[in-house]
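Work out the full structure: start from the sequences and follow the hints.
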Amino acid sequence: MNMMTADSVRPARTPTDQRRLAGARRPVRARVPGAGALLGAGGAAASLLIWEIVPRSGVVSPKYLPPASEVLAAFVERLALQSFWTAVGDTLITWALGLAIAFAAAVVLGFLVGSVPLLRTFTSSTVEFLRPIPSVALIPLAVLIYGTGMQATLLLVVYAAFWQIYIQVLYGVVDVDPVAEQTARSYGLGRWSRARHVTWPSALPYLITGVRLGAAVALILTITGQLTIGSPGLGQSIDVARSSGAVASVYALILATGILGVTVNVGVRAVERRVLRWHTSVRGENTA
Amino acid sequence: MLEVTGLQKIYRDREREVEAVRDLTFQLTEGELACLVGPSGCGKTTLLKCIAGLMEPTSGTVELAGRSVTGPPPDMAVVFQEYGRSLFPWLTVQGNIELPLKEKKLPKKRRGELVAESLEAVGLSGSARAYPWQLSGGMQQRVAIARAIAYEPRVLLMDEPFAAVDAQTRADLEDLIRDLWNRFDMTVLFVTHDIDEAVYLGQRVLVLSSSPTVVQDDVSINLPSVRDQLTTRSDARFTELRTRIYSEIQNAKHTSAAAK
Ligand SMILES: Nc1ncnc2c1ncn2[C@@H]1O[C@H](COP(=O)(O)OP(=O)(O)OP(=O)(O)O)[C@@H](O)[C@H]1O
Ligand SMILES: [Mg+2]
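Sequences listed follow chains A and B, in order.
Residue numbers are given in this note's numbering: position 30 of the first sequence equals residue 30, and the series is strictly consecutive.
All you need for this note's numbering is the position in the second sequence, starting with 1, plus 288.
In case anyone wonders, no lab produced these hints; they're calculated from the structure.
A virtual CB, placed ideally from N, CA and C, is assigned to each residue, including glycine.
Worth double-checking, as some hints may not be accurate.
[As the list claims (entries may be wrong)] Have a look at the derived ranges for each label pair, beta carbon to beta carbon: (1) A:Gly267 - B:Glu405: 41 to 51 Å; (2) A:Leu118 - B:Leu511: 53 to 63 Å; (3) B:Tyr299 - A:Pro117: 46 to 56 Å; (4) A:Gly149 - B:Ala418: 17 to 27 Å; (5) B:Glu405 - A:Gly43: 26 to 36 Å; (6) A:Ser125 - B:Asp467: 53 to 63 Å.
Written out as structure tokens, the structure is:
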């Protein structure tokens, strides 16, 4: 839904916003069942056709842009190769491990720092300095420490994904409805119980937004790291294919990274829908 | 049972001070159903939060069964004015009612019983698995009440619980409160700004003045203990009581206006 993409850069809505919005239903567009999917498939077919025609007609030299059929053939060929699947595996592992480390660190630190106002103020200037540093600027440092192994790329991935999640957790932890908090207190819920049953679910929409952003950024840096540092994975394969002049293979591998990106996004969305069933952003979609 | 003595609360922030409550003193005896009426903004919610141990008074004390209240007392339940925000949207109705019981470390079986009983009492047995946001406003309010009852409190505080429901639902909920109070042995302090509601519900009505707030009057309601929306409200004594309280509040407005 476009509402969600528009939201993706901002933290999720605050509870008060949600409540205000909860009443307002978005108009339901009349549509033919399956029409969207059909239209999408048609669009994809048209793009492929253009991709086929442009190099064949010589508008762009096939040396730089092989026709779609050639790239697809190269792609299918790759699917049979052990080395391709090893590269995919390496890429996924680097991505998942980096995201997991970033997630764990961001949640623990975010909750800790977020719930202690003094600590929050104390660290904010440091955070504001470190956060905008582009991860790729750390490449020389990563190579210095870890050489060209997977850890070097991992460092970049963790660094980039961490901030995405951490910032969201920081917002989420303080966006607890005071009425909910007081209710919990009046029913005798202690500090730990409140953290678990009130603060955590209140912060969850923010956390998921952070994970969604973090997952995308993590994939970008995984490929970047492999491409520039030469850690094993799809990025490295692309570089190898390029240096051996296998242009169609380069495109086939790029296609593979694209498919990974889409899969990651779909996966995170599925998790989001499950975990935030109760949240306005999700339950609105169900009723529409 | 509940003793409020010389309670004062001043909200302070950098620019200004608001004296929400000036000087409140009253007692509730065990098992009493008392209503608290007062104009909007006179500090009813503030008073309730002080009694519930959610807020520290500027001066004065609150004592519950001889013990001074410094934090939320274990045998007290509060139904908040903003009931919609007081229910947790990520938990089902059952989950909402059960959470405080889990915190009390009650065994699963007992929790199940309490949830079923309390939902039955408010007439929502079929909605245990629904989420609060799938229910209407009046139903949500009843869930909040069910959660309070399931907690088996000795003292129940209710902050304008019916402000947002329609007249018919409101009448039903009023009878529900009387009924629950009769069945479960509790002391109830019920806050409202509706004089009729206060007279209909209470054994006693405490009238608060407008700000700076003091207890203006303490009226005992000598209506029969079995009450009925039609007969009680048309009773001559009912009319007399509400007229008395109404003029009391009017008086309060004039005197406080004159004092300013
Ligand atoms: N957190 C706060 N900070 C500053 N002032 C406050 C705060 N909460 C309440 N007040 C002020 O205290 C006074 C009493 O507020 P309170 O909410 O107790 O009134 P109330 O009697 O419950 O009103 P209503 O019937 O509208 O619910 C008001 O003047 C209000 O502006
Ligand atoms: Mg109030």
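Hint check for Asp467 (chain B) and Ser125 (chain A) - Cβ pair distance inside 53 to 63 Å: 59 Å, holds
41 to 51 Å as the expected CB spacing between Glu405 (chain B) and Gly267 (chain A), which holds or is violated: 43 Å, holds
Distance restraint evaluation - Glu405 (chain B), Gly43 (chain A), Cβ atoms, bounds 26 to 36 Å: For Gly43 (chain A) against Glu405 (chain B), whose Cβ atoms are near 58 Å apart, the range 26 to 36 Å is violated.
CB-CB spacing for Ala418 (chain B) and Gly149 (chain A) relative to the 17 to 27 Å hint: 53 Å, violated
Leu118 (chain A) versus Leu511 (chain B) beta-carbon gap, inside 53 to 63 Å or not: 55 Å, holds
Cβ distance range 46 to 56 Å for Tyr299 (chain B) and Pro117 (chain A), holds or violated: 20 Å, violated
This entry does not satisfy hints 3, 4 and 5, going by the numbered hints stated previously.
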